[in-house]
Amino acid sequence: MECAQVQELLSEYLDEMLGSSLKEEVEKHLAACDKCKKEYNLLKNIINQCNNICDEDLPDGFHEKLCSAISKEAESRKSERFGWVRKYYKAVAALVVIALSLGYIINSGVLGFNNKKSTSSIRNAATDSSPNMHSGLSTSKNPGSVASKSEAGAGANDISTTKNIISINLNSDEYKKYGSSITAIIKSYGGYAINEEPAIYMISAGEMDTVAGKLKQKLGSGNITVSSVESQISQFENNSGTKPDTKSLDTKKYELDVLNNNKGYIVIEMNITN
Amino acid sequence: MDYPEKELVRKSKCGDIKSFEELIKLYERKIFNIALSMTRNYDDAGDIAQEVCIKIFKHIGMFKEDSSFSTWVYRITSNTCIDAVRKKKKALSLTVVTGNGDEEVQIPIEDSSNLPEKVFEQNEHMNAIKKCIMELAPEYRIIIILRDINGYSYDEISRILSINMGTVKSRLNRARNLLKDRLEGTF
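Protein sequences, first through last, are from chains A and B. Quick note: the first sequence uses this note's numbering, first residue 1, plus one each step. Quick note: the second sequence uses this note's numbering, first residue 275, plus one each step.
Treat the hints as calculated values from the structure; they're not laboratory data. The reader is advised that the hints may include incorrect statements.
Result set (PhoX-like, lysine-lysine): computed pairs, CA atoms no more than 25 Å apart in a straight line [said to hold, decoys possible]:
#	chain 1	residue 1	chain 2	residue 2
1	B	443	A	37
2	B	361	B	404
3	B	287	A	253
4	B	292	A	44
5	B	363	B	304
6	B	304	B	332
7	B	404	A	38
8	B	454	A	37
9	A	65	B	304
10	B	285	A	78
11	B	364	A	263
12	B	299	A	78
13	B	364	B	405
14	A	263	B	454
15	B	287	A	214
16	A	44	B	443
17	A	163	B	332
18	A	78	B	292
19	A	253	B	332
20	A	78	B	332
21	B	364	A	187
22	B	443	A	28
Sample of chain B residues facing chain A (criterion: CB under 8 Å; computed from the structure) [claimed, not checked]:
#	residue
23	291
24	295
25	299
26	302
27	303
28	310
29	314
30	327
31	333
32	336
33	357
34	447
35	453
36	458
Simulated restraints, written as ranges between beta carbons of each label pair [to be verified]:
#	chain 1	residue 1	chain 2	residue 2	range
37	A	1	B	288	54 to 60 Å
38	A	162	B	303	37 to 43 Å
39	A	271	B	342	22 to 28 Å
40	A	27	B	284	44 to 50 Å
Where is the CB? At the ideal position from N, CA and C, for every residue including glycine.
Put together the whole structure using the sequences plus the hints.
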């Protein structure tokens, strides 16, 4: 073994991470090479010194200060959570009234529309997953569509469309191929993980366009959507055609909580399908 | 009553603040010391540690109980420390526009709160090592702190930093060699 090769392996050798045959070769070389032996001793000495660095005590009052901050955080979360519930119950109540009215209008045939066509346009409008869903709702003139709800319902106008989530949609093969590159991109712009499954990261809002651009470059535009968590929640709640996906809705509500508690940040969510 | 950690995690997830306060007591000193090793500044380390603990409180609801709580805690700690170190480095740089106005130069400003006399050390070698660790880039600094100061395994480091094993090995090797090059002649 050459000296350069051995010196590359010294770190793993000191941590007993080499397989037995490589370990034997390194030991054989060290026994015969003073230069590499010196490098080994230097590295070992540094690691030993680092091992001996002891933990310092916490600053005075650290835990008490933390408990006080946690109480304040718990209080502010409680009032925000109730505020959120109040806001969305208003929207849901308004939508129920409008849905009942629409149901009557459609079934009575007053406007001359048949049931099947009106129902499918409600379902299609509700399941539109593009970031422009909300603007699409407000411009549709079909009285059987969800657009009527957003025009008539005071609650729907409360939904923010400020972009605050980057959704990365991959299948499992794409995730195996690109997963670590995606994490590296996010981290290189100061992002960090806050949840494992689904993988959710937080990043400064100022980095959103740059990171979205980098991700689109890496994965293709089709795999990346930039939208608002509020509009995604509205989409889940308005989706009357299929059984509500409570797990995804819970994740969205968690993301909204995170954003409300961390102004100036956005979330990045990685969705992996089979 | 003393509950085992798993029970404290479960109760904390359900919103039991007292249980969370007991739980965080198990980690706060280590969190503070990782931050101190990253910043070598007591005030900054205290602030970062507070920030980390509050983040853990905010997000514990989404923590999956079948995974390792300590890995999750130290992941948040590492990421927050790296973020803080990068922000401080940026904030401590002075941007100077040259005479003709079309060139900017970043000049790093010495952080006077990190003067060696603020940190009492009996061992000169120890002081030299800590100083050299501070001179490493954040991603090298954190891996030395996790492996050589705190003794986490390669596998644990891989999960904490969300990097693969190959990256752990190469990054640790590089970090140690950078330290060795700076310290050569001191030992």
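Each hint tested on the structure:
{"no.": "1", "hint": "B:443 / A:37", "result": "holds, 21 Å"}
{"no.": "2", "hint": "B:361 / B:404", "result": "holds, 21 Å"}
{"no.": "3", "hint": "B:287 / A:253", "result": "holds, 16 Å"}
{"no.": "4", "hint": "B:292 / A:44", "result": "violated, 44 Å"}
{"no.": "5", "hint": "B:363 / B:304", "result": "holds, 24 Å"}
{"no.": "6", "hint": "B:304 / B:332", "result": "holds, 19 Å"}
{"no.": "7", "hint": "B:404 / A:38", "result": "holds, 22 Å"}
{"no.": "8", "hint": "B:454 / A:37", "result": "holds, 14 Å"}
{"no.": "9", "hint": "A:65 / B:304", "result": "holds, 17 Å"}
{"no.": "10", "hint": "B:285 / A:78", "result": "holds, 17 Å"}
{"no.": "11", "hint": "B:364 / A:263", "result": "holds, 21 Å"}
{"no.": "12", "hint": "B:299 / A:78", "result": "holds, 24 Å"}
{"no.": "13", "hint": "B:364 / B:405", "result": "holds, 20 Å"}
{"no.": "14", "hint": "A:263 / B:454", "result": "violated, 42 Å"}
{"no.": "15", "hint": "B:287 / A:214", "result": "violated, 35 Å"}
{"no.": "16", "hint": "A:44 / B:443", "result": "holds, 16 Å"}
{"no.": "17", "hint": "A:163 / B:332", "result": "holds, 22 Å"}
{"no.": "18", "hint": "A:78 / B:292", "result": "holds, 16 Å"}
{"no.": "19", "hint": "A:253 / B:332", "result": "holds, 13 Å"}
{"no.": "20", "hint": "A:78 / B:332", "result": "holds, 12 Å"}
{"no.": "21", "hint": "B:364 / A:187", "result": "holds, 16 Å"}
{"no.": "22", "hint": "B:443 / A:28", "result": "holds, 22 Å"}
{"no.": "23", "hint": "291", "result": "holds, 6 Å"}
{"no.": "24", "hint": "295", "result": "holds, 5 Å"}
{"no.": "25", "hint": "299", "result": "holds, 7 Å"}
{"no.": "26", "hint": "302", "result": "holds, 6 Å"}
{"no.": "27", "hint": "303", "result": "holds, 5 Å"}
{"no.": "28", "hint": "310", "result": "holds, 6 Å"}
{"no.": "29", "hint": "314", "result": "violated, 11 Å"}
{"no.": "30", "hint": "327", "result": "holds, 5 Å"}
{"no.": "31", "hint": "333", "result": "holds, 5 Å"}
{"no.": "32", "hint": "336", "result": "holds, 5 Å"}
{"no.": "33", "hint": "357", "result": "holds, 5 Å"}
{"no.": "34", "hint": "447", "result": "holds, 4 Å"}
{"no.": "35", "hint": "453", "result": "holds, 6 Å"}
{"no.": "36", "hint": "458", "result": "holds, 7 Å"}
{"no.": "37", "hint": "A:1 / B:288: 54 to 60 Å", "result": "holds, 57 Å"}
{"no.": "38", "hint": "A:162 / B:303: 37 to 43 Å", "result": "holds, 40 Å"}
{"no.": "39", "hint": "A:271 / B:342: 22 to 28 Å", "result": "holds, 24 Å"}
{"no.": "40", "hint": "A:27 / B:284: 44 to 50 Å", "result": "holds, 48 Å"}
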